[in-house]
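Novice: Top to bottom, those sequences are chains R and P.
Position 107 of the first sequence, counted from 1, bears residue number 405 in the numbering used here, the numbering being contiguous throughout.
Position 6 of the second sequence, counted from 1, bears residue number 971 in the numbering used here, the numbering being contiguous throughout.
Everything labelled a hint here was simulated from the structure, so no lab data went into it.
Wrong hints could be hidden among the right ones.
Here are the simulated DSS-like cross-link-like pairs (lysine-lysine), alpha carbons at most 27 Å apart as the crow flies [stated by the list, open to error]: (1) P:K1007 - R:K390; (2) P:K1007 - R:K393; (3) R:K377 - R:K343; (4) P:K1022 - R:K340; (5) R:K377 - P:K1022.
With beta-carbon atoms standing in for the labels, derived distance ranges [unchecked claim]: (6) P:S974 - R:S326: 37 to 45 Å; (7) P:G1061 - R:R357: 23 to 31 Å; (8) R:Q361 - P:D1027: 35 to 43 Å; (9) R:S326 - P:L1078: 39 to 47 Å; (10) R:Q361 - P:T970: 33 to 41 Å.
Model, not experiment: these values are computed from the prediction.
We put the CB at the ideal spot given by N, CA and C, even for glycine.
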Amino acid sequence: RKEVEQDPGPFNVPEGATVAFNCTYSNSASQSFFWYRQDCRKEPKLLMSVYSSGNEDGRFTAQLNRASQYISLLIRDSKLSDSATYLCVAPKDYKLSFGAGTTVTVRA
Amino acid sequence: EPEVTQTPSHQVTQMGQEVILRCVPISNHLYFYWYRQILGQKVEFLVSFYNNEISEKSEIFDDQFSVERPDGSNFTLKIRSTKLEDSAMYFCASSGFATGELFFGEGSRLTVL
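Could you build the full structure based on these sequences and the hints that come with them?
Specialist: This is the structure:
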């Protein structure tokens, strides 16, 4: 089983819509999780850290479900600028592996 | 705001040549990483480095690859004899603590001809 698996998408949503997607992880010992966003041909940038059950930052909400070993990201009132690939990371020891990413396209 | 810087931004090389990619991590960070991303594919972990030694490496990081922290600021990735399939974007990242948030450089694009 891959360390991190994500809904690949693509999710194509209109402006103002809510979009949510999941990331499952295999290492039950992981204590911290991260969502990054990556724009085309750019470096990943941290969007949100998740250390306990969840985190909320403006229009973005991350939820952690330890029993089922997944984290989710929800984007409310989506903007055109939210179009990107969203990557999740579930660290294992010193290896921080990324999922393949979920592509979100917000259309006008 | 402190940032990770990488050089060169783009390098073109002939197959079989040695390449060194350079990174200057954020100054008070202790954990350093290299990742690569082949065009259109996922970001792949290569290696992590802490306390002047490799902490973890992936199966991609074979004998052709090496990392070094030659001084207090630079962190380098060397590819000894490049192959066509080494063409990718290479990202350096640093972190203030283990399993913490990664801060990435803008990447070095390597093209092997």
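Novice: Determine for every hint whether it applies to the structure shown.
Specialist: Status of each hint after checking the structure:
1. P:K1007 - R:K390: holds (18 Å)
2. P:K1007 - R:K393: Roughly 15 Å separates the two Cα atoms, so the pair holds.
3. R:K377 - R:K343: It holds: about 18 Å lies between the C-alpha atoms, which stays within 27 Å.
4. P:K1022 - R:K340: Judged against 27 Å, a Cα distance of about 23 Å means the pair holds.
5. R:K377 - P:K1022: This hinted pair is violated, its Cα atoms lying about 38 Å apart.
6. P:S974 - R:S326: 37 to 45 Å: holds (40 Å)
7. P:G1061 - R:R357: 23 to 31 Å: Because 27 Å falls inside the window, the suggested range holds.
8. R:Q361 - P:D1027: 35 to 43 Å: Between Q361 (chain R) and D1027 (chain P), where Cβ atoms are some 38 Å apart, the hint holds.
9. R:S326 - P:L1078: 39 to 47 Å: holds (45 Å)
10. R:Q361 - P:T970: 33 to 41 Å: The hint (33 to 41 Å, Cβ to Cβ) holds, given that Q361 (chain R) and T970 (chain P) are roughly 35 Å apart.
Checked against the numbered hints above, the structure violates only hint 5.
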